[in-house]
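Starting from the known structure of chain A, arrange chain B on it as the hints suggest.
Here the protein sequences line up with chains A and B, keeping their order. Anchor point for the first sequence: position 275 equals 275 in my numbering, and the numbering is continuous, going up by one each time. Just so we're on the same page, my numbering is the position in the second sequence counted from 1, plus 1000.
Some hints here could point you the wrong way.
[Claimed, not checked] Heads up, incomplete: computed chain A residues facing chain B, CB under 7 Å, no partners named:
1) R10
2) T14
3) V17
4) G27
5) G28
6) I41
7) D130
8) N139
9) L231
10) Q234
Hints are computed from structural coordinates only; laboratory data are not their basis. Glycine is no exception: its CB is placed at the ideal position from the N, C-alpha and C atoms.
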Amino acid sequence: MDTTPSTNDRSTGTFRVKRGLADMLRGGVIMDVVNAEQARIAEDAGAVSVMALERVPSDIRRDGGVARMSDPELIEGIQAAVTIPVMAKARIGHFAEAQVLESLEVDYIDESEVLTPADEANHIDKWAFDVPFVCGATNLGEALRRISEGAAMIRSKGEAGTGNIVEAVRHLRSILGDIRRITVADEAELYAWAKELRAPVDLVIEIAETGKLPVPLFCAGGIATPADASLVLQLGAEAVFVGSGIFKAEDPALMARAIVEATANFEDASVVAKVSRGLGAAMPGQEMSEVAERLSDRGW
Amino acid sequence: MRVGILALQGDVREHAAAVRRAGAEVAEIRTIDGFDDIDALILPGGESTTMCLLLDKTGLRSPVEAWTRAGRPTLGTCAGLVLLADRVEDGRVDQSPLGGLDIAVRRNGHGRQRHSFEARVPCPALSGDFDAVFIRAPRIVEVGAGVTVLASLESEGDLEPVVVQQGALIGCAFHPELAEDDRLLQLLLDRAEGAPS
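With the rest of the complex left out, here is chain A (with noise of 0.2 Å):
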């Protein structure tokens, strides 16, 4: 008797399935646009997604109010206009604007500090899904808390719409330090790390196993030069999001191109400065001292 299952047993919404797409990502930048021009401006630069929002970070942070998921029509009007995966935002704990997103097909939801939080509490059930999420963190901890709720990939907060990359530094070196450590740690105090992060402890040991996190760990959050990629994926990053620091470059086609190209060569000095040359300036960027309010302490 064939017991062969049948080719037309389709699982979709997978975990596989929604990692895999994060992996597919890996070694690529993805940018934020506006609107339907811009989104081609990206895709003819060479990223491979984009981030379909209707403010850039920047300017969130100077308009202020509540910051909430897109228009319905600003989001289809870039899937119109390219062929890459596109992304959006929902609000932090807000499944509806969660189920909106996946209602359009959006390639990948960001569940975002970027806009306002939703849920003082709990963010979404990612589970509850067949699209795939991203979250933000902070630290290790927090990663792994998104994942356990289901999260497909984890970006480092980094602080969005400052074009300033210190906090990024420290979130990547937060998250990859715990990870370094956990993998020389003894099994007994693998209970103390998760105890402390406050995270799953099959999670903890997954980690002390393999050496990274379960699922891909791109950086945001403050990226606005080519060597600022260089700089994050050399320490360990995997992919970058680029924020307000394409479209508010004085000629965003020519950054876009050049983060792309450093990027896919970022240990190659001689090509980040290749393409760092005459580009004009970057997003004008502001000292953390400056910043009123911290994105990044939005989720927990």
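Frame of chain A, contents of chain B only:
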């Protein structure tokens, strides 16, 4: 045996791990420098538009295109299959693949990520099923006369080719490297061993 992996973007690490499991040497190809002394080439999964742009920027397009069009040993998975195809539908108008494999593919043929899926794909030619992971996968919509179909997916009552071979060129719409299934890599290495150097 030295296997070059086009390392401009995508899931290079999984392919590199597979090559090492097979006991061959990995050469990650980012510039034209490393391209001369490889015995086989892997075009990984990732975003084909990004890879196309970087092929132009790095000057790699012309040697890599000469390699695939001469039918030298190459394995392309997902985006790599798009690059290998002679004809691409629903791509960007300015997106020109490397070519070599006499097939037509439709990019993102199954739709957006929500429709990405896992399925068992029977492959009697390579003695057993694939646990196949399709991520925004291309669909092979046309297969030329010289192309052998190694595995097909049942799709709306039809059989749709998902693994194809033409001489030493092997194309796959899914990601065997994500499931650590090394059979297509082995096929590539066998072809490379038999090929005149």
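Hint by hint, here is what the structure shows:
no.: 1; hint: R10; in the structure: holds (4 Å)
no.: 2; hint: T14; in the structure: holds (5 Å)
no.: 3; hint: V17; in the structure: holds (5 Å)
no.: 4; hint: G27; in the structure: holds (4 Å)
no.: 5; hint: G28; in the structure: holds (5 Å)
no.: 6; hint: I41; in the structure: violated (13 Å)
no.: 7; hint: D130; in the structure: holds (5 Å)
no.: 8; hint: N139; in the structure: violated (24 Å)
no.: 9; hint: L231; in the structure: violated (18 Å)
no.: 10; hint: Q234; in the structure: violated (15 Å)
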